[in-house]
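**Student:** So the chains spell out like this:
Number of protein chains: 2
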Amino acid sequence: MGETRKFLLSEADIPAAWYNIQADLPKPLPPVLHPGTHQPVGPDDLAPLFPMEVIKQEVSQDREIEIPGPVLDVYRLWRPTPLYRAHSLEKALDLPANIKILYKYEGVSPAGSHKPNTAVPQAYYNKQEGVTRLATETGAGQWGSSLAMACTTFGLDLKVYMVRISYDQKPYRRMMMETWGAECVASPSPDTNAGRAILEADPDSTGSLGIAISEAVEDAATTPGTKYSLGSVLNHVLMHQTVIGLEAQKQLEMADAWPDVIVGCAGGGSNFAGLTLPFLKAKFDGAATRIVAAEPAACPSLTRGTYAYDFGDTAGMTPLVKMHTLGHTFVPASIHAGGLRYHGMAPLVSHLYELGAIEATAVKQTAAFEAAITFARSEGIIPGPEPTHAIRVAIDEALAAREAGEAKTILFGLSGHGNFDLTAYERYLNGDLQDYDYPQESVEAALQSLPMVAD
Amino acid sequence: MGETRKFLLSEADIPAAWYNIQADLPKPLPPVLHPGTHQPVGPDDLAPLFPMEVIKQEVSQDREIEIPGPVLDVYRLWRPTPLYRAHSLEKALDLPANIKILYKYEGVSPAGSHKPNTAVPQAYYNKQEGVTRLATETGAGQWGSSLAMACTTFGLDLKVYMVRISYDQKPYRRMMMETWGAECVASPSPDTNAGRAILEADPDSTGSLGIAISEAVEDAATTPGTKYSLGSVLNHVLMHQTVIGLEAQKQLEMADAWPDVIVGCAGGGSNFAGLTLPFLKAKFDGAATRIVAAEPAACPSLTRGTYAYDFGDTAGMTPLVKMHTLGHTFVPASIHAGGLRYHGMAPLVSHLYELGAIEATAVKQTAAFEAAITFARSEGIIPGPEPTHAIRVAIDEALAAREAGEAKTILFGLSGHGNFDLTAYERYLNGDLQDYDYPQESVEAALQSLPMVAD
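The listed protein sequences derive, respectively, from chains X and B. Remember, this note's numbering sits 464 above the position in the first sequence when you count from 1. Remember, this note's numbering sits 464 above the position in the second sequence when you count from 1.
Don't read these hints as lab results, they were simulated from the structure. Take these hints with a grain of salt, some might be off.
Identical copies go unnamed one by one, so any copy, or any two together, can satisfy a pair.
What the hints assert, rightly or not - Subject to a maximum C-alpha distance of 30 Å in a straight line, what follows is the list of computed DSSO-like cross-link-like pairs (lysine-lysine):
#1 Lys591 / Lys470
#2 Lys747 / Lys828
#3 Lys520 / Lys591
#4 Lys470 / Lys714
#5 Lys555 / Lys591
#6 Lys745 / Lys714
Remember, predicted model here, so these are calculated numbers, not experimental data.
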């Protein structure tokens, strides 16, 4: 029998609790501020939008938060996810035996990415507190379809405001949401004040994530029985994703391969945090593991952004969070990794970067897709455009170690499959994929819009 | 902890050998005949198209055929596949505790269906015998993409002739093949005599599986170093698929749930056979398990076809096989389950039907999609259009048992996911999906084209 490719756990090995890194931070997170008063927000400020359990988790200092039984029951549909040893990729790269590559694969979920890890508990907590309907926004559709799957499981209605350009270009994601029973409209829509105002000014608006957030928040705030749900950035979202890293730790023990470096792609930060936060605990205790965020060169919030208080949305309606930001009015170029096109970075990930606990590197998309083709033709799985950035960095780490004659074990997160993103591969193979330089001027312009917060 | 949803095996539990039911048939299969002489074909007749190991397997009477190590290594990318207890579906159907539904899920493969189970060994045996390039046809693209994945793994070139109408309507499957490095052309193509002849007569031809087979066979027969590969119907293909049923048997033991009835969808027959052949061995030994093939009402070869010698392709170029057929010139209606649109049924499955070892039932597509929506909204997985037929039958078996107050354990095969078939769900949800009655007249016409073979 050949060498093991997948390290598999049983359902009993799904973690019983999420890991909350706030308990272990050497320095606490800066507070979230009210956009009007610039004073720290309290639970009452957030209650119109989120269920109380989620608000509590957002600020909890408890190291472990138990995963409810009904959430575990749904996780069991696809969790534990496999951790792979990339034997074929290693062979394709002609690596010596002392350089190993492993990856944790979240594409086996029904929606095809890591997003259901938080969609399911969010739907559950809302259901528990008597909420009957959720509203959310989605860009390329990964978050909207994940929440649709979670809502149908717990019998909640869902309305998804999907950025118009994706709504038109990616009909499959919309159909997926409808198959799971959700309502999906193009944003800007005629269904909200925010949407109508935009359409009045520009009937042909292609929309933006900022506009869609405004519509979903307005819907939740004004519709009885409805709350709002967010798929990244916030602390509770990142914490729900730690099931990824917690499972990976058990699997690495099975593989007898502890990573020297861990790579995750980072847009809003939830995938990156889900894989790496459990390893940061060991790092705070002195472990030497390097932890690298791979972000797109066209939207490099960690490597080129400013660490400052900014709005989470484009329209400037949300509370202010301290994060690495390119400015909330910055519009990233149309790279294929739609899930990485966000002007800021999760406050928790930004804080860890400031603490020097993590590194970051920016990757251009043609280099990312070149790595993805090498991966797809060796390992057989076609990656989503977002994790191609992590694959590029993982391969570069391996090649550098070979060059230097060093032993190295590399773990990266394969956050989803690319079944709905094949046009990006076609464009790459045809030589039609464009790279974008660091958007100096538009970032400088956007940073002018940062709110003035006294330190 | 809640009840187990997935029964998981380790990589060591992947079967070491395929099960060859030819060793246990109460009556041997009728021979394959040469289309010109009507005499049984020998290995030399098939050697231009297939590697010798595959030709041997086609007629082998050995009960077990060992799976080569390099094939197992690739199987390990996604195998063993999970067997699910459908707790949420059972709840949605309001079933009593003594009625259980289980399903074996093949959608976790990189190509999203069971097809790689035979694509991988076929690519391997060709590589072993010095073949450098394969040619094949594909309808909706599931087979072509599976063989593309297998060929990139073993370093073989591949050309896929894809039925023109699918080539135009399902670009994602083509892009998937190209991502894995295969060449994919629309059929009829200007690259073969067969294709050019069709295009000359009808430049706007939308193609057919029969034409595409003719092109691929001509390519293989006339290009040095090239052989042909088929994704269903033949004995060796069905045998490669028995890993499905062999794994399922181990998992059912873990679940302590032996099925009273097993349901699989059947087009060419490879998915159905892969799940059920290992259970038929027990049935020949006296087990009472019912085994049901679910076929589309628009293409009901088992329930309404004639058991006779016929061609495997539309153009009449292949050897003659005895099977249930609607006539090789029969053109099925454009149902969404492209994988079930075949005029005949695998000779082995046909033989088992004649022996009374299996049952068959025909399902209309709106009834199939109704069941699929119930399934997707409870179990979370969106099924491919083909296995929706099996889901319909499984649900009907469960509801009938509830009505009758009987205990029943039902196993069905979920042969693939529906990520590339969401337009079918949209049409169903919009009420635009059409049903087709039994195509009496066109079948009668097609049966006129049956070759005259003296018994």
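**Student:** Which of the numbered hints above does this structure break?
**Tutor:** No hint contradicted; all consistent.
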